[in-house]
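S.K.: Below are the chains, spelled out letter by letter.
Protein chains: 2
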Amino acid sequence: MPRPTLSNAARPATFTVDARDETGALKPTPIAGEHPLTIYIDNREILTIMTLGAAPEALVLGYLRNQRLVDSIDEIASVQVDWEVDACAVTTRHGLKNLDEKMAKRTKTTGCGEGTVFGDLMEEIDSIALRRDVFVEEDTLFGLLNNVRLHESIYKQAGAVHGCALAAGENILTFVEDVGRHNAVDAIAGWMWLENVSGDDKIFYTTGRLTSEMVIKAAQMRIPVLVSRSGLTQMGYDIAKKVGITMIGRAVNRHYLLFTGVERLVKAA
Amino acid sequence: MPRPTLSNAARPATFTVDARDETGALKPTPIAGEHPLTIYIDNREILTIMTLGAAPEALVLGYLRNQRLVDSIDEIASVQVDWEVDACAVTTRHGLKNLDEKMAKRTKTTGCGEGTVFGDLMEEIDSIALRRDVFVEEDTLFGLLNNVRLHESIYKQAGAVHGCALAAGENILTFVEDVGRHNAVDAIAGWMWLENVSGDDKIFYTTGRLTSEMVIKAAQMRIPVLVSRSGLTQMGYDIAKKVGITMIGRAVNRHYLLFTGVERLVKAA
Chain A
116 MPRPTLSNAA RPATFTVDAR DETGALKPTP IAGEHPLTIY IDNREILTIM
166 TLGAAPEALV LGYLRNQRLV DSIDEIASVQ VDWEVDACAV TTRHGLKNLD
216 EKMAKRTKTT GCGEGTVFGD LMEEIDSIAL RRDVFVEEDT LFGLLNNVRL
266 HESIYKQAGA VHGCALAAGE NILTFVEDVG RHNAVDAIAG WMWLENVSGD
316 DKIFYTTGRL TSEMVIKAAQ MRIPVLVSRS GLTQMGYDIA KKVGITMIGR
366 AVNRHYLLFT GVERLVKAA
Chain B
116 MPRPTLSNAA RPATFTVDAR DETGALKPTP IAGEHPLTIY IDNREILTIM
166 TLGAAPEALV LGYLRNQRLV DSIDEIASVQ VDWEVDACAV TTRHGLKNLD
216 EKMAKRTKTT GCGEGTVFGD LMEEIDSIAL RRDVFVEEDT LFGLLNNVRL
266 HESIYKQAGA VHGCALAAGE NILTFVEDVG RHNAVDAIAG WMWLENVSGD
316 DKIFYTTGRL TSEMVIKAAQ MRIPVLVSRS GLTQMGYDIA KKVGITMIGR
366 AVNRHYLLFT GVERLVKAA
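In order, the protein sequences belong to chains A and B.
Heads up: the first sequence begins at 116 in this note's numbering, then just goes up one per residue.
Heads up: the second sequence begins at 116 in this note's numbering, then just goes up one per residue.
Derived from the structure by calculation, the hints contain no laboratory data.
Each hint should be verified, as a subset may be incorrect.
Unchecked claim - DSBU-like cross-link-like pairs, simulated, lysine-lysine; straight-line CA separation at most 35 Å: (1) B:357 with A:357; (2) A:212 with B:212; (3) B:382 with A:271; (4) B:382 with B:271; (5) A:357 with B:271; (6) B:271 with A:142; (7) A:382 with A:357.
Can you build the whole structure from these sequences, using the hints too?
M.R.: So, in structure tokens, the structure goes:
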């Protein structure tokens, strides 16, 4: 099956506006872009996402995948983003079955500000077995944290974005920043889908908090190691323990807190 | 009309789990609570919110208000949260008209990880006129920032939460922390609805980023001054300028950046 045809419609990430600081000085200040993007599948309106627009095609693919609206990337013929009308037209090869039913399900279980088909995902979690033969050396973790630091261009300029990375060891395979951390993780999922990259020996890094949804999405991608600069929530912790994911929080420079799945993190001899 | 009958079902905000740091030392670490809460209106399931659970009744009220599912607080007889079943039962006095239609609208326009009926809100924005005779002295702003610092108990302990405050001058009227910044702002809106507090001479403070949705919600509450510790997005900035809100970002200690509505911030003579 050929790959879907994609537009390449990344938006400029930052814009500079004038601000005044407490001394009264004029400070030209870069701010993050934010744009509505309305997704259509075969001409049917699905929803509007607010996004930085750095990786809109991957974001839309990842959204469709993570919301379980499309089962296989092979079903998608084309993803075309047009910022003139703030729209993304997704064309399927043969039409989608049960779209109404799937949309209805999404409605009932989508959390406010969470964006996940929560009930379904919790069921799915029970069937996930992560690889137990994947290990990360502490120095690899530190190397990855340093590589992330070098990547974060938009955050450093403008703040107001979250970044996510998929890494093989300390090497970043793809890095996405967006105004919502849900968007950033969806865009990573979209990229993996498109490139047919397995998560089962990878590390997922996020600047954002490890809430239930982030842990569920990492588990769905079969990624055994989850690293965050930030903290975590109780439910994120509980799910990580249940599914056996290695969860590392507060990871900055050469510091971290290892919460669950301790056997995968290996200290140098 | 009597007030709705409310449960008083706040959850403990933090839980302590064990972690290991980079030295191998065991660190008991407080983490933020996160719980699913499924909202029912007159026995009909609406959706599941993930929340810290610090102010669940106000959160549900604010959600119903901000999603425009209920027009007036007088329509609500009761809001009962029961954590045994992770559910909140909302009972209306006379049933809700057009709930299906409103739910359908919500579906189409709710953004991924944004949770707003975006299209409608943008239309509503055009009709909002904020008070022009409300001013904030710089020292009042600094006093408020100090008061916020004293309030942030959960963030200081566990991170992984956002805080929002409604203030009259430097005095905080209500302060809510939650795992999602959308939840925190919804809970503030719910409190204002319940207590019949007008926003038109108030200050809204948030630890979170000033995205389009945050600015729209502040404008809907008729609050003329919006302060954040974090940065802002382009669309947040554009809407703030359009609606004439005073927007202050990067506000920490005695520093800030004033972006829009500069006439409301007054420096000491």
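S.K.: Compare the structure with each hint and give your call.
M.R.: Okay, the hints, checked on the actual structure:
Between residue 357 (chain B) and residue 357 (chain A) the alpha-carbon distance is near 48 Å, which puts this suggested pair outside the 35 Å criterion. Our distance criterion of 35 Å between C-alpha atoms is met by residue 212 (chain A) and residue 212 (chain B), whose separation comes to about 32 Å. At roughly 30 Å between alpha-carbon atoms, residue 382 (chain B) and residue 271 (chain A) fall within 35 Å of each other, so this suggested pair holds. Restraint check: the Cα-Cα separation between residue 382 (chain B) and residue 271 (chain B) comes to about 31 Å, which is no more than 35 Å; the hinted pair holds.
For the hint pairing residue 357 (chain A) with residue 271 (chain B), the CA-to-CA distance comes to about 27 Å; that is within 35 Å, so the pair holds. Annotation: proposed proximity of residue 271 (chain B) to residue 142 (chain A) holds, straight-line Cα distance about 30 Å (limit 35 Å). Taking the CA atoms of residue 382 (chain A) and residue 357 (chain A), the gap is near 24 Å; set against the 35 Å cutoff, the hint holds.
Going down the numbered hints, you'll see the structure goes against just number 1.
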